[in-house]
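In the UniProt record's numbering, the protein residues as written are 1 to 322.
Hints were generated in silico from the structure; no laboratory data involved.
All C-beta atoms, glycine included, are put in the ideal place defined by N, C-alpha and C.
Be aware that a few hints might be false.
Said to hold, decoys possible - Taking lysine to aspartate or glutamate and the EDC-like style, the derived pairs with C-alpha atoms no more than 20 Å apart in a straight line are:
| id | residue 1 | residue 2 |
| --- | --- | --- |
| 1 | Lys107 | Glu78 |
| 2 | Lys107 | Glu77 |
| 3 | Lys107 | Asp76 |
| 4 | Lys107 | Asp75 |
Stated by the list, open to error - Pairwise CB distance ranges (calculated):
| id | residue 1 | residue 2 | range |
| --- | --- | --- | --- |
| 5 | Arg162 | Val111 | 40 to 48 Å |
| 6 | Gly53 | Ile84 | 34 to 42 Å |
| 7 | Asp165 | Arg315 | 38 to 46 Å |
| 8 | Glu193 | Asp142 | 20 to 28 Å |
| 9 | Arg162 | Arg214 | 25 to 33 Å |
| 10 | Arg103 | Thr262 | 45 to 53 Å |
| 11 | Glu155 | Ser5 | 44 to 52 Å |
| 12 | Thr262 | Gly53 | 51 to 59 Å |
| 13 | Gln242 | Asp76 | 50 to 58 Å |
| 14 | Leu309 | Asp76 | 53 to 61 Å |
| 15 | Asp142 | Asp76 | 27 to 35 Å |
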Amino acid sequence: MLETSARLLRLLSLLQTPREWTGAELAERLSVSTRTIRNDVERLRNLGYPVHGNRGAVGGYRLGAGAALPPLLLDDEEAVAVAIGLRTAAGGTITGVEETSLRALAKLEQVLPTRLRRRVHALQRYAVAVPRDDLGPRVDADTLSALAAACRDHERLRFDYRSHDGSESRREVEPYRLVNWGRRWYLVGFDVERAGWRTFRVDRLHPRTPTGPRFTPRDLPEEAIDQVRRGVSSAAWRYRAQVVVHVPAEQLAERINAAIGTITPVDDTRCLLDTGADSIEALAVHLGLLGVDFTVTEPAELVELVRALADRYHRATEPQHT
Numbered sequence: 001m002l003e004t005s006a007r008l009l010r011l012l013s014l015l016q017t018p019r020e021w022t023g024a025e026l027a028e029r030l031s032v033s034t035r036t037i038r039n040d041v042e043r044l045r046n047l048g049y050p051v052h053g054n055r056g057a058v059g060g061y062r063l064g065a066g067a068a069l070p071p072l073l074l075d076d077e078e079a080v081a082v083a084i085g086l087r088t089a090a091g092g093t094i095t096g097v098e099e100t101s102l103r104a105l106a107k108l109e110q111v112l113p114t115r116l117r118r119r120v121h122a123l124q125r126y127a128v129a130v131p132r133d134d135l136g137p138r139v140d141a142d143t144l145s146a147l148a149a150a151c152r153d154h155e156r157l158r159f160d161y162r163s164h165d166g167s168e169s170r171r172e173v174e175p176y177r178l179v180n181w182g183r184r185w186y187l188v189g190f191d192v193e194r195a196g197w198r199t200f201r202v203d204r205l206h207p208r209t210p211t212g213p214r215f216t217p218r219d220l221p222e223e224a225i226d227q228v229r230r231g232v233s234s235a236a237w238r239y240r241a242q243v244v245v246h247v248p249a250e251q252l253a254e255r256i257n258a259a260i261g262t263i264t265p266v267d268d269t270r271c272l273l274d275t276g277a278d279s280i281e282a283l284a285v286h287l288g289l290l291g292v293d294f295t296v297t298e299p300a301e302l303v304e305l306v307r308a309l310a311d312r313y314h315r316a317t318e319p320q321h322t
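Turn these sequences into a full structure, and let the hints guide you.
In structure tokens, the structure reads:
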């Protein structure tokens, strides 16, 4: 039979799994009586663990949420994952969590067994991220928490917003999803005044308090990630073009993602691609990488550049005469 302290740790480990255990199941797992299980559960409660129990034939024990966070038991893989996640968060895109992450990481590494500490240190030392050319914006942790709470509670948000062109506006929005894309965070919501779905850069908004009244949730017109891809791409483009692509719309949709542009069927063999890019050169190259025939008629500078590229590529394949 296990010593009391070791048995309590085993019992706590079982209760941390997301299920409900009967007293008989726990007694069988730990090779003790159900009376011992009841006594051990009471010991855990005295230590601050919120162990909930239901009486009756279908009753059982489960670990719930308490007023304070009790110590947790992590297996080897969970401990390594948490350590890596904390290290990543310390240098991430959310302000206000760096110091907290490092403090939690120091506590975790202090109690990690040597074998796990070696694994974490090896990853930290030899797994090197390539520095980004653009560090990108950073968002406030409190702002993210407030937005997530409004999404959860279906409460309207009021905030000041700065658009990509620098214009300022005040918005009232029904918030639905927070989406992380690279080093940026976006809020997907229904703009009440404009009566339409919009995507907002979180680092460009400043919430006003208190939040507004509760609202009845609407059905999202598409997946939140696709909503962000479409909104972000179209807002960031400096150059736009509508190109006739000589394949059915379904075939083109399989080759590109929503960030490239929107596709509208023309007939059974052609479709219209509304796309864009930060530069006219990038737009011309992206069109060439579609891997299918297309026809571009505007803007004029794009037409000229495509012709120039076509001539250049043609010359590149001609035999050189000396």
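Hints versus structure:
The hinted pair formed by Lys107 and Glu78 meets the criterion: a straight-line CA distance of about 15 Å does not exceed 20 Å. Pair hint Lys107 plus Glu77 holds up; C-alpha atoms about 17 Å apart against a cutoff of 20 Å. With a C-alpha separation of about 16 Å, the suggested pairing of Lys107 with Asp76 holds against the 20 Å cut-off. Between Lys107 and Asp75 the alpha-carbon distance is near 16 Å, which keeps this suggested pair within the 20 Å criterion.
The hinted range of 40 to 48 Å is satisfied by Arg162 and Val111, whose Cβ atoms lie roughly 45 Å apart. Our hint of 34 to 42 Å for Gly53 and Ile84 holds, since their Cβ atoms are close to 36 Å apart. A beta carbon spacing of about 40 Å between Asp165 and Arg315 agrees with the range 38 to 46 Å that was offered as a hint. Take Glu193 and Asp142: their Cβ atoms lie about 26 Å apart, and the range 20 to 28 Å holds.
About 27 Å separates the C-beta atoms of Arg162 and Arg214, a value consistent with the hinted range of 25 to 33 Å. For the pair Arg103 and Thr262, the supplied restraint of 45 to 53 Å holds, since their beta-carbon distance comes to about 46 Å. For the pair Glu155 and Ser5, the beta carbons lie near 46 Å from each other, so the given range of 44 to 52 Å is met. Against the hinted window of 51 to 59 Å, the Cβ-Cβ separation of Thr262 and Gly53 comes to about 56 Å, which satisfies the hint.
Between Gln242 and Asp76 the beta carbons are some 55 Å apart, a value that agrees with the proposed interval 50 to 58 Å. For Leu309 and Asp76, the Cβ-Cβ distance of about 55 Å falls inside the hinted range of 53 to 61 Å, so the restraint holds. Hint check: Asp142 to Asp76, Cβ distance near 34 Å, so the stated range 27 to 35 Å holds.
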